[in-house]
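Q: This is what each chain is made of:
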Amino acid sequence: MTGDVNASVEAIFREERGRLLAALVRRFGDLDLAEEVTSEAIEAALIRWPVDGVPASPGAWLMTTARRRAVDRLRRDQTYAARLALLQVEADRAGPPVVDGVLPDERLRLFFTCSHPALPEADRGALTLRYLAGLTTAEVARAYLVPVETMAKRLVRAKKKISGARIPFRVPDVRELPARLPGVLRAIYSIFTEGYAASAGPDLVRHDLAEEALRLARILHRLLPGEREVTGLLALMLLTHARRAARTGPDGGLVLLEDQDRSLWDRAMIDEGEPLVVAALTGGPPGPYGVQAAIAALHDEEPTDWPQIVSLYDVLRSLTPSPVVDLNRAVAVAMRDGPEAGLALLDDLAGEPRLRGLHVFPAARGELLRRLGRPAEAAHAFREALELVGSEPERRHLRARLDEVGG
Amino acid sequence: MKYMLLIHGASEKCTTDDWVAYGRALQDAGVYVGSAPLADDSLTTTVRVSDGGETVVTDGPFAEAHEVLGGYYIIDVPDLDAASDWAARCPGARFGGRMVVRPIVEFP
Numbered sequence: 413m414t415g416d417v418n419a420s421v422e423a424i425f426r427e428e429r430g431r432l433l434a435a436l437v438r439r440f441g442d443l444d445l446a447e448e449v450t451s452e453a454i455e456a457a458l459i460r461w462p463v464d465g466v467p468a469s470p471g472a473w474l475m476t477t478a479r480r481r482a483v484d485r486l487r488r489d490q491t492y493a494a495r496l497a498l499l500q501v502e503a504d505r506a507g508p509p510v511v512d513g514v515l516p517d518e519r520l521r522l523f524f525t526c527s528h529p530a531l532p533e534a535d536r537g538a539l540t541l542r543y544l545a546g547l548t549t550a551e552v553a554r555a556y557l558v559p560v561e562t563m564a565k566r567l568v569r570a571k572k573k574i575s576g577a578r579i580p581f582r583v584p585d586v587r588e589l590p591a592r593l594p595g596v597l598r599a600i601y602s603i604f605t606e607g608y609a610a611s612a613g614p615d616l617v618r619h620d621l622a623e624e625a626l627r628l629a630r631i632l633h634r635l636l637p638g639e640r641e642v643t644g645l646l647a648l649m650l651l652t653h654a655r656r657a658a659r660t661g662p663d664g665g666l667v668l669l670e671d672q673d674r675s676l677w678d679r680a681m682i683d684e685g686e687p688l689v690v691a692a693l694t695g696g697p698p699g700p701y702g703v704q705a706a707i708a709a710l711h712d713e714e715p716t717d718w719p720q721i722v723s724l725y726d727v728l729r730s731l732t733p734s735p736v737v738d739l740n741r742a743v744a745v746a747m748r749d750g751p752e753a754g755l756a757l758l759d760d761l762a763g764e765p766r767l768r769g770l771h772v773f774p775a776a777r778g779e780l781l782r783r784l785g786r787p788a789e790a791a792h793a794f795r796e797a798l799e800l801v802g803s804e805p806e807r808r809h810l811r812a813r814l815d816e817v818g819g
Numbered sequence: 431m432k433y434m435l436l437i438h439g440a441s442e443k444c445t446t447d448d449w450v451a452y453g454r455a456l457q458d459a460g461v462y463v464g465s466a467p468l469a470d471d472s473l474t475t476t477v478r479v480s481d482g483g484e485t486v487v488t489d490g491p492f493a494e495a496h497e498v499l500g501g502y503y504i505i506d507v508p509d510l511d512a513a514s515d516w517a518a519r520c521p522g523a524r525f526g527g528r529m530v531v532r533p534i535v536e537f538p
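As you go down the protein sequences, you meet chains A and B in turn.
Its first residue numbered 413, the first sequence is counted upward by one per residue in the working numbering.
Its first residue numbered 431, the second sequence is counted upward by one per residue in the working numbering.
It is possible that some hints are incorrect.
Label pairs and their in silico Cβ distance ranges [what the hints assert, rightly or not]: (1) Glu455(A) to Val450(B): 55 to 65 Å; (2) Ala657(A) to Phe537(B): 51 to 61 Å; (3) Met431(B) to Pro467(A): 31 to 41 Å; (4) Lys443(B) to Gly695(A): 54 to 64 Å; (5) Gly526(B) to Ala591(A): 15 to 25 Å; (6) Leu557(A) to Glu494(B): 35 to 45 Å; (7) Gly695(A) to Pro533(B): 39 to 49 Å; (8) Arg768(A) to Ala495(B): 24 to 34 Å; (9) Asp515(B) to Glu448(A): 29 to 39 Å; (10) Leu458(A) to Glu494(B): 55 to 65 Å; (11) Gly460(B) to Leu458(A): 19 to 29 Å; (12) Leu557(A) to Gly460(B): 44 to 54 Å; (13) Leu458(A) to Met431(B): 35 to 45 Å; (14) Arg426(A) to Thr446(B): 37 to 47 Å.
For the record, the hints were derived by calculation from the structure and aren't laboratory data.
For glycine and all other residues, C-beta sits at the position ideal for the given N, C-alpha and C.
Using the sequences provided together with the hints, build the complete structure.
A: The structure is reproduced here in structure tokens:
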């Protein structure tokens, strides 16, 4: 019985933590204070709920408890006294914090704060995981494969910047939104890609991290249903994550798309993602996430429509020119027109500084050379890729290829 | 909250009219606290006191043209977004110049 209560309590906290924190930040304008009293309220719930049972509206219970603690704390702190009076006035003006037992959703503000351009880009994903996904600092550290102390320092520094420079908790207005929304989307997508193609370590996909990114994108999509790039990002992640089970073989090695067992693809995720792609590409010019989602959707089809994928890469290239897009396009061209055509495009990219240090370039080259029956050159490229690759499944795949071409 | 907007590497393409209009806009919005334009960088002098108590006066230092601090504004606005908006409207932010936004510490 206690176990059941604990399990449901855990589930509620996961759902409520970000919401509660955002509501408290809105009310008290202080991330540190909000964080502390959120933890205190959850601790109180862990003590009370197993005894008293889970209250009818857990969110409201947590909010009331946290708010009381915050007010107590502010009263004790003399320097806060004047601010408290001011907050009281603002709070009264803002109306009741809980309507019909449902917390108002203030998380959108917090999304924009965590991805504020005045914060280091590298910390925005971590802040979003900590404050919106409700992960602990230790969990965030694990996500980014850094020691807990390192992550704690980064979060503290970011929080100091937020309070010291007074980075606001607000949703940018219509005029600012086009400049600010991409930063929020990039932070969420960085969490996904970090989890998806783990650049180091034994797993190709850290599913939990990719799933946190999906959860965050779903929240953002609910908050901004009319923003097509939010829809596009959610679709992109769903349609990519749908193939997760097929991407590694029984030996733990990477499996390329054409060799994947289609029955392992997640139909439910594809079915959820497909209408979102349509929505993302309807009603205005396409955005980069919408186009990438459309490319992912075509990868989820059988047979793969390579000519269509190449055209979409052309669109993507016009929206966000980058050598990585060119590389992916070259691979798609190889699938459409044969390895020779793809290789010619890849050779045009040789020496591109932004591809230096990435294993994907020599890996793609090696693959095309292998298909062209040029084993010695393929082996050379695979060896080069092996020196740069970080994740174990990709290493396995490259080693198998190298053996095949007699390296 | 008060912020100092430091003007670095302002371009000569900014006209006097641009600066006057900007100052007026700050005044009209009620956010202006203070400002000062700095004289030519070549007139810079450094003063320090050595451990022995001796005052040492030297010429310079002289910054690269694009780094030269040309002056500042102090404004009082609610948050960093508002401060950044004002920094973006300053003539000093254009034509290769840049504005550095620093919060000012206020002691209670």
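Q: Mind listing which of the numbered hints don't hold for this structure, in increasing order?
A: Numbers 4, 11 and 14, in rising order.
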